[in-house]
Amino acid sequence: MSQTVITAENIWKQYRLGTINSNTFKEELNRWWQTTVLRKGDIQSVSQGIGDEDNIHSKTFWALQNINFEVNKGEVLGIIGKNGAGKSTLLKILSRVTKPTKGSIRGQGRVASLLEVGTGFHEELSGMENIFLNGNILGMTNREIREKLDQIIEFSGVEKFIDTPVKRYSSGMYVRLAFAVAAHLEPEILIVDEVLAVGDAEFQKRCLGKMNDISKRDGCTVVFVSHNMQAIQSLCTKAILIKEGAISSQGNPSQVISSYIRQSRSYNFVKSWDTENEAPGNEYIRVDKIEIKPELENDQSIIDIRTPLHISFSFSSFSDINLCVGVHLFTISGDCIFDVCSLPQQYAVGVYKGECTIPGHFLNDGAYYISLIFVKDTSIQLFYLEECLSFEVEDFRENFAWFGKWMGHVRPAFPVNISTIKLL
Amino acid sequence: MEVAVQWEINAKSKWLRLPFREIFLHKDLLFRLVRKDFLASYQQTILGPIWIFLQPLLITLTYIAVFKSIIGIPTGNSPSPLFYLLGIIIWNYFSDSILNISYTYTAYASVFNKVYFARIIVPVSYLLVNLIRLGIQFILFLLLFFFFLIRDANVAPNWYILLVPVCLLLISGISLGAGLIFASLTAKYRDIQNLLSFLLRILMFISPVIYPLAIVPEKFKTLFLINPLTLLIEFSRYGFLGSGYHDLLYLVYSTVFTIAVLATGIVLFNRRDGRIMDVI
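Respectively, the protein sequence lines represent chains A and B. Take the working numbering: the last position of the first sequence gets the number 453, and nothing is skipped along the way. Take the working numbering: the last position of the second sequence gets the number 821, and nothing is skipped along the way.
Warning: the hint list may mix true and false statements.
Think about it this way: if two alpha-carbon atoms lie no more than 30 Å apart in a straight line, the pair counts; the simulated DSBU-like pairs of lysine-lysine are [claimed, not checked]:
#, chain 1, residue 1, chain 2, residue 2
1, A, K300, A, K405
2, B, K553, A, K102
3, B, K568, A, K102
Quick caveat, the hints were computed from the structure, so don't treat them as lab data.
Sequences and hints are given; from them, build the entire structure.
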């Protein structure tokens, strides 16, 4: 019964590199001369440009390559990818700001695009005038704005300053007013860029909440670009991963997100050294190998807060010494989370291995690194292998409509129990 | 159930599409932009919109002082304030409209980069702003005109006065068309912006703003009449003051000229539209 409201077929977008100056003018004249006057065929034709690096298009760049997707009515499509992958270009084409070089998008329904908040705001005009100006620019009619005016002003929280020119506003007030207008758009298709990246945590929370309301609204289709994976995970019904201008994966949001995380992160899960000379160590000991093995469930491909992590290492001892071997875990910003170590013990010359498990439901989401420490006679630091492994723990929440960052370095799963004392 | 709007985005541009429908659909936005320009240009001024009157009056006084009294350019039999004022307000309308419209992409780059609406709305809003300004200035002119009429100065209004709205319509068409052409060209190569102010200055000197066509030597007259503004200004002057060039045949020429410029402007603008944001 779901009806397709956006169909994108073979979208290609080419940009020219470099500046526009007299050289580009010469090129254009030349091209015009060749094609129009000499009638040498259409050298501008796109098909020649693709993959042919040596012709006149060598100074161009394909920002999007063969993008195809469909969005059904009521779906929320999330677009993810690294900076510069082409997400914004795709949104610009969808919102008709720029045209594709090739291909077409067909759709039905009134489209409103929100590539930034406060588009067209005029510094000199009052808040009230700007509500109307911005609303009209975003495609609302005067009647629609008037109907929602009270709600908009209330939502913005700047009632007192509504007749003051917006150039006197603090940047927070400015953004709140702008977002208030945008939040009251009621299109059939809404296109949203990283609007949520602006403002403080409180504001972002409100934006995401509003996004949530909009996407739940009956029949409203949303296309949404964000770097907030948690938001994509919980708001979207479908996701697209764009890599270097092409779609590298699409479908179920959690799968697309994990393939994004897999391709974008390069963490060291294992370190081993081929020859004894390369291996770190000193005259007493030498580390041969260290490794993290996440204990992943079948359908899981990334480490999240539920995943137990097994750390194992092996080392050689060159003399008969008394050692404690410790594992230090740090956050990427350098705060130590824990320092665990083995009981002091006598090690004869030989090769040993150590193991340690960080249980699941222990670490909060974030990036971490591990260091290894060898202590002689429980007091003298013999060798310290700093930052030898790093990994990232992704967030995972079920049935939780809050998308902000969870506080704390650890996130243990012990329960908080609430019981009734007395009902009033 | 309401039938949803169907749309398609592709690489093609519709060159010959006339934008009436889009202007109508976005009429709220159009009037909003006009209002914005008015409000914004008189923020933090003491005299506010009075400047609309004051500006042509001051220019008229200057022209009377310089061109009539010092240099001694004859203005025919007509009272010189009326002669200059009419020329100045028509010329200002024309030149301000072209200049404003030619800045469309530069002034609205940040908006065009984020939101789509029919781009033509912006040039049309600029034209409307200037048209309203012209209307207000015309009231000033009419007051002065009646003053001289009652004083029985050399003022001889005649039925050609009915053609003044037609002349203004044609001037609007030329301004919009030429403005669109320059807007399309300047978006990519800014040189043309510099060229435009220069061209407008030259054009003012070869249009009968500060002198009547009557003093132009006979052998140059045809050259002057190629410029459609010459005729449109002279025509308006003839209608109100009873002296000026008034060959109806040239009105036909002006009409054809206007249609040609307007069509070129719209085609260029439509063709640029959609691709232009990549080069601004």
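Going through the hints against the structure:
1. K300/A with K405/A: Answer holds: K300/A to K405/A is near 24 Å, not above 30 Å.
2. K553/B with K102/A: holds, 26 Å
3. K568/B with K102/A: holds, 29 Å
Checked against the numbered hints given earlier, the structure satisfies every one of them.
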